[in-house]
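Visitor: The hints should help you fit chains V and Y onto chain G, whose structure is shown.
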Amino acid sequence: MIEESASPPDYGLEQPLAPRRTRLEEFWLLFRQNRLAIMGLIIFILFFCIAFTGLLLTSGSDPVFDPSLVRLQEKLRAPFSKPHLETLRPNEIPTLGIYLLGTDDLGRDVFSRMLQGAWVSLTVGFVAVGISVIIGIFMGGIAGYFGQRHIRLDQVLVTCLLSAGAALVFFNQAKWGAVLLVLGHAYIFYLLLMRLIAVRKIPPKRFELLHLDTISIDTLIMRLVDIMLCFPSFFLILTVVALLPASIYNIMIVIGLTSWMGTTRFVRAEFLSLREQDFVAAARALGVDNFRIIFRHMMPNAIAPVLVSATIGIATAILTEAGLSFLGFGVPPPHATWGNILSDGKNFIFDAPWLTFVPGFSILVVVLAFNLFGEGLRDVLNPKLRERH
Amino acid sequence: MLSFIGRSFIQKIITIIFVSVISFLIIHLAPGEPSQVDPLNPKFTPEVVERFRKEFHLDEPLYKQYLFFYQDLFTGKTVSWKDNQSVLKKIWERFLNSLPLFILGTILTWTLSFPVGIRSAIFRGGLYDRSATFFSYLLISIPGFFFAYILIILVVTRFHVPVLGMETFGISDASWPSVAMDRIWHLLIPSVLGATAGIAVLSRYVRSQMLEVEGQDYVRTAKAKGLPPDTVHYKHALRNALIPFVTMFGLILPGLIGGSVIIESIFSWPGIGRMAYEAILARDYPVILTVNFVSAVLVLVGTFISDILYMVVDPRIRI
Amino acid sequence: MTIRRILIFAPLLIIIILLQSYFWVPTYEQQTRGNPNRLDDYIFASGGDASILNPVLSADVPSSRVENLVFDSLIDLDAELRYRGRLATGWQIYEEAYFYVNPSARIPGLDVTVPQAIVDLILDAKQDSRKTDRELQDSLDNIKNILVQPPRNFSEIREVKLEKTTEEKRVIKFEVTAPARIKMVLNRVDQELFTNLGRLLGHDYFSSFHGEYYVSSDVPLGNQRLRAQAQEILPATEHNPVIEFHLRPGVKFHDGHIFDAYDVRFTYQALMNPKNLSPRIADFEPVKSVAVIDPLTVRIVYKRLYSPALGTWSMGILPEHLLNSQALVKEAIRFNKDPGTFTMRDSRLIRNPTGCGPFVFRQWKSDQHIILDRFDDYWEGPPNYKRYIYRIIPDILTQEMEFYAGTIDSYGNPLGGIPPHQVQRLKNDPRYQNFSGTSLSYTYIGYNMRRKPFDDRRVRRALGMAIDVDKIIKYVLYNQGERTTGPFAKQTDFYNHRIKALTYDPQRALKLLKEVGWKRNSAGWLEKDGKKFQFTLITNSGNDIRKAILAIAQDAWKQIGIDVRTDLLEWSVFIQERVDKADFDVLILGWTTPINPDPYQVWHSSQTHPYQLNFVGFQNKQADELIIKIRQEYDHGKQVEYCQRFHELIAREQPYTFLYVPKWTAILDKRIVIKEQGADGKVRYKKIEPTKTGDYTFHFNKWIKLPDEPLFLNEG
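Residue numbers (my numbering), protein chains in the order written: chain G, 45 to 433; chain V, 11 to 329; chain Y, 22 to 737.
Since the hints were made in silico from the structure, they are not lab data. Using N, Cα and C, we set each Cβ at its ideal position, and we do this for glycine too. Errors might be hidden in some of the hints.
To be verified - Label pairs and their in silico Cβ distance ranges:
hint, chain 1, residue 1, chain 2, residue 2, range
1, Y, Thr613, G, Tyr293, 32 to 42 Å
2, Y, Pro728, V, Ile315, 50 to 60 Å
3, V, Leu252, G, Glu70, 33 to 43 Å
4, Y, Lys549, G, Cys93, 38 to 48 Å
5, G, Ser317, V, Ile117, 34 to 44 Å
6, Y, Arg191, G, Trp220, 48 to 58 Å
7, Y, His342, G, Trp220, 20 to 30 Å
8, Y, Met293, V, Ile117, 52 to 62 Å
9, G, Ile82, V, Leu106, 43 to 53 Å
10, V, Thr167, Y, Ala100, 34 to 44 Å
11, V, Trp186, G, Cys93, 51 to 61 Å
The shape of chain G in the complex, shown without the other chains (with noise of 0.2 Å):
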């Protein structure tokens, strides 16, 4: 940024040089430098008052915009253009008195569906991005914090068996199944006991193979993410949608399934990290249990670019879902969402080209939106990159 940051004021030599300001200021001064991310802010809480808005406002049984009342007589008429009201019922003139975005090939008003479909894409953005940090934090944070730890051979054995098991009863072989699965609890069941009787016996060395370890923690999460990481996102998400029935649900799942690996590696390496660092040391010293300290002194520090990530990532997961709708697979009508609203319009791109605008357009200004925030939250969160403006 060309224009300087404001810079303190001149402190004595005696004053301590700690910052005055709390954390969320200084967070605050540098981000409203970036003009840009400023805008995606703005944006951004503007979105989330329309989606709210929309909600209230298009359902319940006599909404206040009804996005699915259907006038075919009126199709296709252009924004801003005013009713015919002598051909309308009551309850079928539109409550602004024009269709301020026009209507669409059923003479649904354009501006309602638009309304109820923020509510939509706001919730997939949310959700999916939810589900992806909730597994990436999860994951990471194991990987990360409990990372060297091995997994021994008798608790693959013991998962072995009991999939194996499961698998046989699956494919109808109950007999052998149960046997197995009645063998890997027994097993399990023992180890508790063992646990709660003799506390840290030496195990008889006969034993001494099945406690052999096998791979760490953190590879076994590291390969997962490398599996997952081998799928083409878009077309295995597609591949999902179009083989489960078409739900609003399942796409948020599936995306928020198919994209928590970044986060796990970024949660991962700040771990890493931060575990090495003394404050996290102290408070091992002082016997706080392993999640308190995961939780309660790492996460805070980790926070950052997940923060980051997951708001870049709230801007795929709308764009993807506008892409799903617009291959036909997304939310079942009458259900507005804005991928749809444009997949049904741009058969009509030659009489009605609003109707493929206005979505398109409006998709475009919310995805820029976060991320233009997200890229200013990376800037003002990074220290190395704040360094140099």
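Guide: Showing chains V and Y alone in chain G's frame:
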């Protein structure tokens, strides 16, 4: 080095096995069946449907289907349920169609993003940099299908020339330069669309790499020596900033198949993406699974190549 | 700095090269100017790719479209929707009927049960014109020939299901000592023959024939089961309709081989070969035998009365010499495959077909295009176009834009043609000519009659009355549709035009619902016994018009206080999870209507099980009787009468709300005309006119594209 290669090779094999299992499960446990067993066709009787199921091993237990499938795949015998064609042959044919699109897209991405990114880094914070930033985010944010339709409509209604498909249909009897140019024209818009997001991301990356390097001591030294700024930027800084990009060559490999489902469908470009999309619609499991498998292999090969390139380029990395 | 220059000039150069290519691309007008051969190509765009180019192995619409050009059939429909000969020059339909002599029955006026005596009795009755019974007289007059077949012994091996609960079957050998049998050759098919003969021979003459007396099995079967088997082995009466085709001499396949009756027989055999998994097998299951009389005559005998039989032969004929078992074995060996498992489905020819149609197959690129060249030796004379290209473009908008760019000549799906809103726009464009006709299909809303409250006719009628179908036709279809009231093709006689469509009247709908007990509650929803009227309306995704109807119906029903949820399902899920398992309340779907009516699969009460086509669960005794009669009647006039009665019954019951029959519309460049060479050798051009039934492609083989739009004298 050899041991690294060996280890990573084994790792990749294990990964690929898991990928094959997971993708197989996803597809087979989902509801629905291939369209060949479409029972609403009044001409199909339940017995015929049953025979189709037998033919395609759909009545076998899942693990047997899995074995059948991958056995066929590795012996090259897998056939598409839709048209009984060899899947590998089909993929190869489509791959050749996707290839020019991919190559031109890559060339556009790499030739355009470097000048843009370097210039933004040199004039960091200036109007150029800020508008470049804004435009790259605009390009990332624009929904590809929306952009595609705007471009197509523009060209078709304003210039009255065909843009869809790989060539103008029925032109085959014209002279060869016009056929060649016609092909290039048809490549232009889809590859520009395919490259937009790439240009935006890569130019941002170039910019940050350049900034990173420009802050290093040796660059400052060079500047202090009074070398002309161009020499400093393009000789000292750029060369070192390029290192991470070498490794990215491996990572563009998966783009060959992942390509773009949406762009290829819109432009009715007979590439791999469109084939995959059509296979999903028809529930042509062998094709879906093979595309998935091949693309997973490409991802792994890509990362493998980029690991090795990294070792070759950067002497600090030795495993 | 060179690096800097390279970095700037390299992208510039690339962009310039790319952009200049624009000047090489032909525009709509130049398409024909710079490239004269383009005029000889006809390019058609379709949404779907063909699956297999073999009429025996595929039944989907896109494949059929190409098959119709490559393969020729024995017969097809002419401009008036009547059958006309193609590879066949003519045909006869007659019947052979049989019945077993029943020694246990008493025949009035006859003491002996010697077969010859019965024959004599019938012959006497035939001569005796004093009989007052007209119907019997008709049947007797129809008998051309009658003779006795002596008793015979034979054994038959059958698979029998021993227990009802299990699927297990056992192979059982039956010893049969069949009694004498009487064979009659009839001039025309007569489904009432045995009913009428009953008046002569005694009413229970045929029903009291006990097949089980003549049959013994090697494994003891229960009495009942043995009787059931015996009825199949020795049916008391049997109708065997016969079709005899006379073939056109000198017709050549594309490879020069001469077409003959053996090819017809082979096509039938290929169809019935279980290895080929033919989807058309149900059409040919009633065939008993196909016999070659001489190279130009083939006789097809049917097991039972099956009136749609003739229509099934409008299927392409395969070349025997390329696909018979020797040819397949040779091909298997050439490609290093196991000859034992090599079937027609593996043959190279399913993607490189050879037939005797007007076009020769040249190339097929999956999901891209299929190219056909004209066949210069076509028996009717070669088509004018040199090439037919079938392009696959899935997206409707893309098709339209390709049409503007001039790279396709025609497009649209075969049922609906091009989408209504495009028709609206293109109709008035001076560059194009357009044709329109009623299509052979209809769209309906179907109610699951197994579920309440759809089991009540009044509810179904009320729901139908709440939807303003005329408005749908006017605004959604832009008048590209007509109302329909029943399951038959509107352009055929079978459709009963006297039946009035339901009128849109939500008030009367409410009244009807009130009769049944549905009343509006305080919130405005309909309620009965404290339960709200609510259900789910579903249809498949990918069809924009059905999607629009989904939204309209939901809204219309909401207006009268019904809470309707909607769901749009992907085709295979829709069919398998919902339709097949009859797991739905109400759905929107369409049927194609064949020219030959056969309502059996969609309407008969025996077809209501899962995976069958009567998924709405329509059951009606009267309807069942009519359906069987329609299926067995070969006489057009009588069939029309039965169909119209059936139509009436359906309209009364309202199992579906019949919405509309779409009109298809085709748009063509005005430069495409019919070119005919008169007897004097002079070339004449004519405007393309659709036939009476609206088929504009009927004269396709005579079409050609001219460089400029011709001026027709008769045009104002």
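Visitor: Is the hinted range of 20 to 30 Å satisfied by the C-beta distance from His342/Y to Trp220/G?
Guide: Since His342/Y and Trp220/G have Cβ atoms about 56 Å apart, the given range 20 to 30 Å is violated.
Visitor: Determine whether the Cβ-Cβ distance between Ser317/G and Ile117/V falls within the hinted range of 34 to 44 Å.
Guide: About 39 Å separates the Cβ atoms of Ser317/G and Ile117/V, which means 34 to 44 Å holds.
Visitor: Does the beta carbon distance between Thr613/Y and Tyr293/G stay inside 32 to 42 Å, or does it fall outside?
Guide: At 36 Å between Cβs, range holds.
Visitor: Check the following: the C-beta atoms of Arg191/Y and Trp220/G are separated by a distance inside 48 to 58 Å.
Guide: Taking Cβ atoms as reference, Arg191/Y and Trp220/G lie about 32 Å apart, which means the hint is violated.
Visitor: Note whether the CB distance of Met293/Y and Ile117/V lies within 52 to 62 Å or breaks it.
Guide: The hint (52 to 62 Å, Cβ to Cβ) holds, given that Met293/Y and Ile117/V are roughly 57 Å apart.
Visitor: 38 to 48 Å was suggested as the range; check whether the CB atoms of Lys549/Y and Cys93/G agree with it.
Guide: holds, 42 Å
Visitor: Take a look at whether the Cβ-Cβ distance between Ile82/G and Leu106/V falls inside 43 to 53 Å.
Guide: holds, 49 Å
Visitor: Using the beta carbons of Pro728/Y and Ile315/V, state whether their distance is inside 50 to 60 Å or not.
Guide: holds, 55 Å
Visitor: Between Thr167/V and Ala100/Y, is the Cβ distance one that fits in 34 to 44 Å?
Guide: holds, 39 Å
Visitor: Is 33 to 43 Å a correct range for the gap between the Cβ atoms of Leu252/V and Glu70/G?
Guide: holds, 36 Å
Visitor: Between the beta carbons of Trp186/V and Cys93/G, is the distance compatible with 51 to 61 Å?
Guide: holds, 60 Å
When each numbered hint is compared with the structure, violations occur for hints 6 and 7.
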